[in-house]
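Asker: First to last, the protein sequences are chains A and B. 0 is the number of the first residue of the first sequence in numbering that gives the first Met the number 0; add one for each residue after it. 0 is the number of the first residue of the second sequence in numbering that gives the first Met the number 0; add one for each residue after it.
Hints may contain errors.
Any copy, or any two copies together, can satisfy a pair, since identical chains are not distinguished.
Said to hold, decoys possible - No farther apart than 25 angstroms at their CA atoms in a straight line, the calculated lysine to any residue pairs in the SDA-like style are these:
| no. | residue 1 | residue 2 |
| --- | --- | --- |
| 1 | Lys281 | Asn244 |
| 2 | Lys133 | Ser14 |
| 3 | Lys267 | Pro121 |
| 4 | Lys129 | Leu61 |
| 5 | Lys190 | Pro121 |
| 6 | Lys95 | Asp81 |
| 7 | Lys279 | Thr4 |
| 8 | Lys95 | Thr152 |
| 9 | Lys304 | His288 |
| 10 | Lys231 | Pro22 |
I should point out that these hints are in silico values taken from the structure, not numbers from a laboratory.
Protein chains: 2
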Amino acid sequence: MPIATFSEKIAQTLSTINYGDEPTELYEPIRYIMDLGGKRIRPLLTVLAHHLFEDEVDKALLPAAAVEVFHNFTLMHDDIMDQAPLRRGQETVHEKWNANTAILSGDVMLVKAYELFLGVQPIHLPIVLKLFSKCAAEVCEGQQLDMNFETRTDVSIPEYLQMITLKTAVLLGFALELGAVLGNASEEDRKNLKEFGIKTGIAFQLRDDLLDVYGDAAQFGKQVGGDILSDKKTFLLLTALEDSNEMHRTELHNWLGKMVANPAEKVKAVTAIYDLLDIKAKTEAKINHYFHEALEHLEHVNAPKERKEYLRALALSLMERNN
Amino acid sequence: MPIATFSEKIAQTLSTINYGDEPTELYEPIRYIMDLGGKRIRPLLTVLAHHLFEDEVDKALLPAAAVEVFHNFTLMHDDIMDQAPLRRGQETVHEKWNANTAILSGDVMLVKAYELFLGVQPIHLPIVLKLFSKCAAEVCEGQQLDMNFETRTDVSIPEYLQMITLKTAVLLGFALELGAVLGNASEEDRKNLKEFGIKTGIAFQLRDDLLDVYGDAAQFGKQVGGDILSDKKTFLLLTALEDSNEMHRTELHNWLGKMVANPAEKVKAVTAIYDLLDIKAKTEAKINHYFHEALEHLEHVNAPKERKEYLRALALSLMERNN
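Only chain A is shown next, with the shape it has when bound in the complex (with noise of 0.2 angstroms):
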């Protein structure tokens, strides 16, 4: 079976949920987002994690969309306690609409990935809502270190890592483990697919940080610089920062939160110590590190290799991938 056949269920899936119809101002927003696309990569995690255990995927489907509704759910709220423009290059829900209704359509999407996951075995219902309450209770709390940290200015690598790890991994790696509970994989076997999922994401997260810098304007899509030019504590920075001399950490600490005339001097300026610094270098190997311990992860799952390897692809792609 080729993955898109996954996919399309997934998108066939997707496509048939009523959220709801009156009052149209609560539920349009939820249409509206979903509708916005994205890879689908947590609902594809799901069910690829299931069809690890199982050769029938159909019952994976529905908690599998109740993952992408809440991660829908995070970004419509994350979009406005960051007051962003765009989401994937449309209006986000508060602008198009206004705060008020992204607040309340997101509240009900909430509801509404608690609902899709009632659809599973009443065996593996308590497991299923126990994780998932404890990865949606994790992710607000990334979140909300992810805000903290835009004031601090002592931000910790380990603390950095924690925060991306709250507030991105460990959904990827819920994402995994449900596949895992729905397929009836053993204790050991679900850990290991969490973990894969874990260190992936953050893994990719730094991947993001270096694209940020490092990447093809074109084909990463947004301007190059723009963590740098919003003083974000990127791994970059942080690392920038604990490595350098006296001179270098004090011209670093300079520009953050300068207002510039010439964003482009900053985004060089600082680009050039982490040059000087081999910060690419450095956070290249840690990528790799995060990524070879993922696979060591999923190595161990036990599994029909060629399974696997659609698992193995996709992060694999996740890794190499422009945009």
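Following the hints, position chain B against chain A.
Answerer: Using the frame of chain A, we list chain B on its own:
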């Protein structure tokens, strides 16, 4: 057992919940809003409904607490949307912290409400979460309708009753049905308790509308005529618009949306029209109608009369409240 014993058990249960620790910015607002107090009517309904069918109420305490956590989640998010400065006489969360904190802490509260429900017996879990999710979505629908009504001038009385049913009454209905489900009540008893809650909730909200105009300012604890000044589409206003002749209707419409130099004058003028049209008696009749229906549903519940007396007395106290 005096009713205070049930209340104490609920207070005790709520005080032992650990919502989470880190980051404190996320969890502190939850403790703050939960500690603002309130009469804990909803969890009391759950426990009293459960007590109709079982002597031991301990099993109902955590789910009852979940209802209260959910209720406070809706308050936290509604207060952002309504830009309310105060809640129970204290600063609202978005005022004390900021809107982002109130959004995110609210989100995690909704997750925590679901987590608390996971403590019910596995046999009850699917139905409890199905009923709760339906109710939670309805509460969001009610809030959306309430916001829609702010800018509409053609709200009908049935639409208004539908809005308060969703925004306020269904949660009381769910709280009661929850207790019944946990007490293994019959389908019929469940439905009657639910309807008792919904009808009581509608009567309660109509009484709130009435007290805003005809309440004792000192006892009511808020400005008399606040709804008139904010042009709120209450049962009183909608009934007045429906029952008035051309002249009074024009006069009412002239006051709506009018910026007034002298607020007391507007309150006095609108109240005078209400008096002419006998709106107080008409509202009281509607309240009595719903309250009577509520008590009929309670009457039909197959449970010891002396146990049902707790619920009757509680509903009565809600109707006679001056604040």
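Asker: One pair to classify: Lys95 and Asp81, alpha carbons no more than 25 angstroms apart. Within, between, both, or neither?
Answerer: For Lys95 and Asp81, both the intra-copy (15 angstroms) and inter-copy (20 angstroms) Cα distances are at most 25 angstroms.
Asker: Which holds for Lys133 with Ser14 at a C-alpha limit of 25 angstroms: within a copy, between copies, both or neither?
Answerer: between (27 angstroms within a copy, 21 angstroms between copies)
Asker: Are the CA atoms of Lys304 and His288 at most 25 angstroms apart within a copy, between copies, both, or neither?
Answerer: within (22 angstroms within a copy, 69 angstroms between copies)
Asker: Within a copy, between copies, both or neither: where do Lys95 and Thr152 come within 25 angstroms Cα-Cα?
Answerer: between (34 angstroms within a copy, 24 angstroms between copies)
Asker: Between Lys267 and Pro121, at a C-alpha cutoff of 25 angstroms, which is it: within one copy, between copies, both, or neither?
Answerer: neither (57 angstroms within a copy, 59 angstroms between copies)
Asker: With identical chains treated as interchangeable, where does the CA-CA distance between Lys129 and Leu61 reach 25 angstroms or less: within a copy, between copies, both, or neither?
Answerer: So Lys129 and Leu61 pass the 25 angstroms test inside a copy (17 angstroms) and across (15 angstroms) alike.
Asker: 25 angstroms Cα cut-off: does Lys190 pair with Pro121 within a copy, between copies, both or neither?
Answerer: This pair counts as both: shortest intra-copy Cα distance 22 angstroms, inter-copy 24 angstroms.
Asker: Is the C-alpha distance from Lys281 to Asn244 at most 25 angstroms within one copy, between copies, in both cases, or in neither?
Answerer: Only inside one copy: Lys281 and Asn244 sit 16 angstroms apart there, 80 angstroms across copies, limit 25 angstroms.
Asker: Between Lys231 and Pro22, at a C-alpha cutoff of 25 angstroms, which is it: within one copy, between copies, both, or neither?
Answerer: Close across copies (19 angstroms), not inside one copy (39 angstroms); limit 25 angstroms.
Asker: When no copy is named, should Lys279 and Thr4 be tagged within, between, both, or neither for a Cα gap of at most 25 angstroms?
Answerer: Neither: 37 angstroms inside a chain and 65 angstroms across chains, both beyond 25 angstroms.
Of the numbered hints stated above, those contradicted by the structure are hints 3, 7, listed in ascending order.
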